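Here the protein sequences come in this chain order: A and B.
Residue numbering for the first sequence follows the numbering used here, starting at 1 and increasing by one per position.
Residue numbering for the second sequence follows the numbering used here, starting at 1 and increasing by one per position.
Treat the hints loosely; a few may be bogus.
Note that the list lumps identical chains together, so a pair holds whenever it fits in one copy or between two copies.
No farther apart than 30 Å at their CA atoms in a straight line, the calculated lysine-lysine pairs in the DSSO-like style are these [stated by the list, open to error]: (1) 38 - 156; (2) 10 - 122; (3) 303 - 232; (4) 78 - 186; (5) 298 - 78; (6) 38 - 294; (7) 78 - 232; (8) 82 - 183; (9) 186 - 275; (10) 303 - 82; (11) 294 - 10; (12) 10 - 156; (13) 36 - 294; (14) 82 - 21; (15) 36 - 186; (16) 322 - 36; (17) 278 - 263; (18) 156 - 232; (19) 182 - 303; (20) 186 - 303; (21) 38 - 303; (22) 232 - 278; (23) 153 - 303; (24) 183 - 21; (25) 97 - 263.
Note that these hints are calculated values from the structure, not bench results.
These figures come from a predicted structure and were not determined experimentally.
Number of protein chains: 2
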Amino acid sequence: MTKKTSSPMKESPLFWPAEIKGGAMHVLDETLIPEKVKYIKVTTAREAVKVIRDMKTRAFGQFLVVLNSFLLELNNKKLSDKQLVQRLQTTAEMLNKSRPTFPFAEVTSVVVMWAQAALQQKQDVRAFVGRNIQGYLMGIRGRRMERVQNIAKLIKNGDSVLTHCNVSGELAMAAALCQQQKKKVKFFATETRPYFQGAKLTLWELELVGADVTLIADNAVASVMSDDMVNKVIVGSDRNCANGDFANKIGTYQIAVLAREFKIPFYVLTQPSNKIKKGSDIPIEVRDGNELLKFKNKRTMPKGVEGFYPGFDVVPHTLVTKTVPIEAGA
Amino acid sequence: MTKKTSSPMKESPLFWPAEIKGGAMHVLDETLIPEKVKYIKVTTAREAVKVIRDMKTRAFGQFLVVLNSFLLELNNKKLSDKQLVQRLQTTAEMLNKSRPTFPFAEVTSVVVMWAQAALQQKQDVRAFVGRNIQGYLMGIRGRRMERVQNIAKLIKNGDSVLTHCNVSGELAMAAALCQQQKKKVKFFATETRPYFQGAKLTLWELELVGADVTLIADNAVASVMSDDMVNKVIVGSDRNCANGDFANKIGTYQIAVLAREFKIPFYVLTQPSNKIKKGSDIPIEVRDGNELLKFKNKRTMPKGVEGFYPGFDVVPHTLVTKTVPIEAGA
Numbered sequence: 001m002t003k004k005t006s007s008p009m010k011e012s013p014l015f016w017p018a019e020i021k022g023g024a025m026h027v028l029d030e031t032l033i034p035e036k037v038k039y040i041k042v043t044t045a046r047e048a049v050k051v052i053r054d055m056k057t058r059a060f061g062q063f064l065v066v067l068n069s070f071l072l073e074l075n076n077k078k079l080s081d082k083q084l085v086q087r088l089q090t091t092a093e094m095l096n097k098s099r100p101t102f103p104f105a106e107v108t109s110v111v112v113m114w115a116q117a118a119l120q121q122k123q124d125v126r127a128f129v130g131r132n133i134q135g136y137l138m139g140i141r142g143r144r145m146e147r148v149q150n151i152a153k154l155i156k157n158g159d160s161v162l163t164h165c166n167v168s169g170e171l172a173m174a175a176a177l178c179q180q181q182k183k184k185v186k187f188f189a190t191e192t193r194p195y196f197q198g199a200k201l202t203l204w205e206l207e208l209v210g211a212d213v214t215l216i217a218d219n220a221v222a223s224v225m226s227d228d229m230v231n232k233v234i235v236g237s238d239r240n241c242a243n244g245d246f247a248n249k250i251g252t253y254q255i256a257v258l259a260r261e262f263k264i265p266f267y268v269l270t271q272p273s274n275k276i277k278k279g280s281d282i283p284i285e286v287r288d289g290n291e292l293l294k295f296k297n298k299r300t301m302p303k304g305v306e307g308f309y310p311g312f313d314v315v316p317h318t319l320v321t322k323t324v325p326i327e328a329g330a
Numbered sequence: 001m002t003k004k005t006s007s008p009m010k011e012s013p014l015f016w017p018a019e020i021k022g023g024a025m026h027v028l029d030e031t032l033i034p035e036k037v038k039y040i041k042v043t044t045a046r047e048a049v050k051v052i053r054d055m056k057t058r059a060f061g062q063f064l065v066v067l068n069s070f071l072l073e074l075n076n077k078k079l080s081d082k083q084l085v086q087r088l089q090t091t092a093e094m095l096n097k098s099r100p101t102f103p104f105a106e107v108t109s110v111v112v113m114w115a116q117a118a119l120q121q122k123q124d125v126r127a128f129v130g131r132n133i134q135g136y137l138m139g140i141r142g143r144r145m146e147r148v149q150n151i152a153k154l155i156k157n158g159d160s161v162l163t164h165c166n167v168s169g170e171l172a173m174a175a176a177l178c179q180q181q182k183k184k185v186k187f188f189a190t191e192t193r194p195y196f197q198g199a200k201l202t203l204w205e206l207e208l209v210g211a212d213v214t215l216i217a218d219n220a221v222a223s224v225m226s227d228d229m230v231n232k233v234i235v236g237s238d239r240n241c242a243n244g245d246f247a248n249k250i251g252t253y254q255i256a257v258l259a260r261e262f263k264i265p266f267y268v269l270t271q272p273s274n275k276i277k278k279g280s281d282i283p284i285e286v287r288d289g290n291e292l293l294k295f296k297n298k299r300t301m302p303k304g305v306e307g308f309y310p311g312f313d314v315v316p317h318t319l320v321t322k323t324v325p326i327e328a329g330a
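Next comes chain A alone, as it looks inside the complex:
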């Protein structure tokens, strides 16, 4: 049971990293954190694709960038309703191709469907789609807030929680909630090579809310587990399947195997996306291997060698203790 608290929960900038202000989208540049908190101004869907492809934003941020990209297109008042629907279809196709593992098409197809329905029913496409996207966004926001409460319920006084990569604000806000509830909780974050999302984002936002957090190398997971230093694993997911398999940042699979080896419960925050049947059907993005060979754009590795960089891996459902879905009450 969550205690009612009067003070508002601290919100992590990663919880809602993109929004429209003054006719432009402002996207938190996650690659600059923790050094700088800076927003990239995006005015077209084409720029939005670049932001996604360059991994300036990721995970939930991609979802926000996609929906807000459509809102930007609605601003083009010169297009007729029919032209606008075509434009939204083109925008959807472009966004769908930006990165393979995130279920872009599942989000963009909803928007295109709204636009087509409005056109058929001779409604104002611009107003109808705009209203629906805004409502969709607010609904998601509310459901994420509810999930923060559910994550906090999972975490007991005295727990030591290992996490991997970054779950876009929710874990940090759950940590803040645990503090309000007077639970003493320790967090371990993996570095999450090669992008260091754990070291940069998760550490930063957990520190921001005043949580007790320790960084470990991705290599130290078996070590801290075998030494009883963690008793729970909580990770996010980038894509979920109907059978419970899920894709998440590379390294999640091995943490799941190790959690079972050391009998540690493994919890997953799932996405409302289960159009894919099983894990082997998820397209896995293999990023440019050179990204492994550079640090801050300087090549640090020997010439001639190659890097292999799958961005995600798929965890079989058999390794999952419990899922924490985004849907309220589910």
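Got chain A sorted already, so can you dock chain B onto it with the hints?
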């Protein structure tokens, strides 16, 4: 059976990273590789301890630095035989304290024993100890060369071998031997955070001998194993126990667990050190957590957070398929 070949095997600089030349010890600065191949000049045992503690050398390099440190002390012609024995004892104590996980005392105690025996038997301590250390070094060199042959025997045509951290020249030389034997072999090296020994040393030396090598993040081990991209794991060890447990670079334990999960044979190059009964008796070095928070001496992580950096982990013998000892014929 290894085919006899006429051309000499390429020797990796990491195979013999420290030796005495012109009255001083020259230690390969492994932290500068792959950018530079530079040797640090060491003239006293005190300087040698610093080289070890700062991790300028590691693994087998530590063994060479220890033995060569004693040779440096023998150069001090002003000491009487009795004073020399005392000096060697002090040197041993200092070296033993340099880092906890490597079995320094097992090496240094042999040298001190030689010195004491020479003194008792009224032999020239300087000459006796010097000759013994030289003989010991040459013996080790020969046995390592034999192990290179044994490693090459383990590797079959078409194999894809995953390795972690760096096994000080032996794997690269085995790779060179495999090429002479016309075996087609692929290598995968983990980055090995936080020091990147895999990315810097293993990649560099495998590339140097012309092997086919690919770098992966430490996070990608389960991914490449589950995708059947590797069919063998070969790792070194920093300390071995009588029961077969061993300590090695942090991350080795989880690779061993994953190898069993994916039914991939797991081979270990063992040290001639089994005075310790079982893994839980091995002292594990926990290095300064700040080392995780910096990259090339620049702090890249948020302020206020902590790092936890165990340098090694212990692999239970039950996860080992086969050991490749340093002893010839063993």
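Outcome of the hint check:
1. 38 - 156: Intra 35 Å, inter 52 Å, cutoff 30 Å: neither.
2. 10 - 122: neither (44 Å within a copy, 77 Å between copies)
3. 303 - 232: Classified as between: cross-chain Cα gap 25 Å, same-chain 41 Å, threshold 30 Å.
4. 78 - 186: Answer is neither: 55 Å inside a copy and 58 Å across each miss the 30 Å cutoff.
5. 298 - 78: Result: close neither inside a copy nor across copies, 45 Å intra and 51 Å inter.
6. 38 - 294: This pair counts as both: shortest intra-copy Cα distance 23 Å, inter-copy 22 Å.
7. 78 - 232: Answer is neither; intra-copy 54 Å and inter-copy 62 Å both fail.
8. 82 - 183: Neither: 55 Å inside a chain and 63 Å across chains, both beyond 30 Å.
9. 186 - 275: For residue 186 and residue 275, the Cα distance exceeds 30 Å both inside one copy (36 Å) and across copies (37 Å).
10. 303 - 82: neither (53 Å within a copy, 53 Å between copies)
11. 294 - 10: Answer is between: at 28 Å across copies they meet the 30 Å cutoff, but 35 Å inside does not.
12. 10 - 156: Cα proximity of residue 10 and residue 156: one copy only (20 Å, versus 57 Å across).
13. 36 - 294: both (21 Å within a copy, 17 Å between copies)
14. 82 - 21: For residue 82 and residue 21, only the intra-copy Cα distance (27 Å) is at most 30 Å; the inter-copy one is 83 Å.
15. 36 - 186: within (26 Å within a copy, 41 Å between copies)
16. 322 - 36: Cα proximity of residue 322 and residue 36: none, with 36 Å in one copy and 50 Å across.
17. 278 - 263: For residue 278 and residue 263, the Cα distance is within 30 Å both inside one copy (25 Å) and across copies (23 Å).
18. 156 - 232: Within one copy only: 10 Å inside, 41 Å across.
19. 182 - 303: Answer is between: at 24 Å across copies they meet the 30 Å cutoff, but 53 Å inside does not.
20. 186 - 303: between (41 Å within a copy, 17 Å between copies)
21. 38 - 303: Close across copies (18 Å), not inside one copy (34 Å); limit 30 Å.
22. 232 - 278: both (25 Å within a copy, 28 Å between copies)
23. 153 - 303: Classified as between: cross-chain Cα gap 29 Å, same-chain 50 Å, threshold 30 Å.
24. 183 - 21: Neither: 37 Å inside a copy, 62 Å across copies.
25. 97 - 263: neither (39 Å within a copy, 36 Å between copies)
Hints 1, 2, 4, 5, 7, 8, 9, 10, 16, 24 and 25 from the list above are not met by this structure, while the remaining hints are.
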